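Asks: The lines below spell out each chain.
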Amino acid sequence: MLLGPFFVVGDILMTENTSPPVITPLRKTLTLFKTVLPILVGMLLLINLLNPLLESRYSQWFTGHYLHDTLIGAVAGSISFGIPITSYIVGGELLAKGVSLLAVTAFILAWTTVGVAMLPLEAAFLGKKFALIRNILNFFFAILLAALTIFTLGLFK
Amino acid sequence: MSGTTLPNGRDKKRVSNPYRFLLVVLSAYVLIWFQRPDMVLAALHGFGGMLLRIIPILIVVFIFLFVINSFGPERIKKLLGKESGWKGWLIAAGAGIFISGPPYLLYPMLGELRKQGVRDAFLGVILYNRNVKIPFVPVMVYYFGATYTLILSSYILLFAFLNGKILELLLARRR
Numbered sequence: 001m002l003l004g005p006f007f008v009v010g011d012i013l014m015t016e017n018t019s020p021p022v023i024t025p026l027r028k029t030l031t032l033f034k035t036v037l038p039i040l041v042g043m044l045l046l047i048n049l050l051n052p053l054l055e056s057r058y059s060q061w062f063t064g065h066y067l068h069d070t071l072i073g074a075v076a077g078s079i080s081f082g083i084p085i086t087s088y089i090v091g092g093e094l095l096a097k098g099v100s101l102l103a104v105t106a107f108i109l110a111w112t113t114v115g116v117a118m119l120p121l122e123a124a125f126l127g128k129k130f131a132l133i134r135n136i137l138n139f140f141f142a143i144l145l146a147a148l149t150i151f152t153l154g155l156f157k
Numbered sequence: 001m002s003g004t005t006l007p008n009g010r011d012k013k014r015v016s017n018p019y020r021f022l023l024v025v026l027s028a029y030v031l032i033w034f035q036r037p038d039m040v041l042a043a044l045h046g047f048g049g050m051l052l053r054i055i056p057i058l059i060v061v062f063i064f065l066f067v068i069n070s071f072g073p074e075r076i077k078k079l080l081g082k083e084s085g086w087k088g089w090l091i092a093a094g095a096g097i098f099i100s101g102p103p104y105l106l107y108p109m110l111g112e113l114r115k116q117g118v119r120d121a122f123l124g125v126i127l128y129n130r131n132v133k134i135p136f137v138p139v140m141v142y143y144f145g146a147t148y149t150l151i152l153s154s155y156i157l158l159f160a161f162l163n164g165k166i167l168e169l170l171l172a173r174r175r
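Same order as they appear, the protein sequences are chains A and B. Under the working numbering, the first residue of the first sequence is numbered 1, with each subsequent residue one higher. Under the working numbering, the first residue of the second sequence is numbered 1, with each subsequent residue one higher.
A hint or two may mislead.
Within a straight-line C-alpha distance of at most 27 Å, the following computed DSSO-like cross-link-like pairs (lysine-lysine) qualify [unchecked claim]: (1) K97/A x K28/A; (2) K165/B x K82/B; (3) K165/B x K157/A; (4) K87/B x K133/B; (5) K34/A x K129/A; (6) K165/B x K129/A; (7) K133/B x K157/A; (8) K165/B x K97/A; (9) K133/B x K165/B; (10) K34/A x K128/A; (11) K157/A x K97/A; (12) K129/A x K77/B; (13) K133/B x K28/A; (14) K97/A x K133/B; (15) K165/B x K87/B; (16) K28/A x K82/B; (17) K128/A x K28/A; (18) K165/B x K128/A; (19) K77/B x K165/B; (20) K77/B x K34/A; (21) K87/B x K77/B; (22) K129/A x K82/B; (23) K82/B x K128/A; (24) K165/B x K28/A; (25) K165/B x K78/B.
The hints are simulated quantities; they were obtained by calculation from the structure and are not laboratory data. Remember, it's a predicted structure, so these values are computed and weren't measured experimentally.
Isolated chain A, as found in the complex (with noise of 0.2 Å):
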């Protein structure tokens, strides 16, 4: 239902021969669109399905283990989906349950910058190296920079 008028105005627009200034780039976001609304609905159906999974079980992931949790934080961040926001409620209660704020830091770093579950659309997207290298850099860097956060948090006290 949400496709269709996309679809008809595309396909008028692709039989279309003349080409005004701006037929050429509604034509161009257009087709674009056709491709995007598959994927995304799909995604949105994925994360519907997936989420509910992950956020019952954040905590048990936890083992008490300050360098584990770094990596667990990381790949539970990593994993999760939806914004930013979320993450920085889902991180305030695992620091209440006792799980380190290194731990939590990377988690909330992992959340935004790494999308296991966007790979798919990113990789369409941005091409498949691309999504894959940004991924594993950025999935580093969350790590790197909760340390240096806690590090540097750490000389304030």
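Chain B: place on chain A using the hints.
Replies: Below, chain B without anything else, positioned relative to chain A:
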């Protein structure tokens, strides 16, 4: 369904049929329905709500993509291409902070910018700086304190440039 254009303009097989992905996800829903119909209903409910929330953003994305396509590669390259210099880095950093919206809506836009000649490093910076969201700062301060928020945000802003540069170098090496 057939004949869809490639978003990244490179690999024809990969996105030749975006419906295949949708079909796989829908098949998972059908399979889970037989075991846990409550889970499927909850997921569909969440999906409906999410879809309604993103429709206005989708319209904005559509307009943005239209503007990018109207601009033409030369103008985009001047702003965020290889010759843009330090201004390009600053534009990318600012864009990452101020552009809001979920990543699934950002990727098509960034993909289009990449096709128009935007540097990979700048795309990396934009995506990394999504971490710093000014409207969310009070929430972070509430949970983790002002000093923590300031330190973390500063590191993100600083390391976004390094992240972008490394990303570009690694991509260039693999080409």
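Asks: To test your reading of the hints: which numbers does this structure violate?
Replies: 1, 3, 8, 13 and 24
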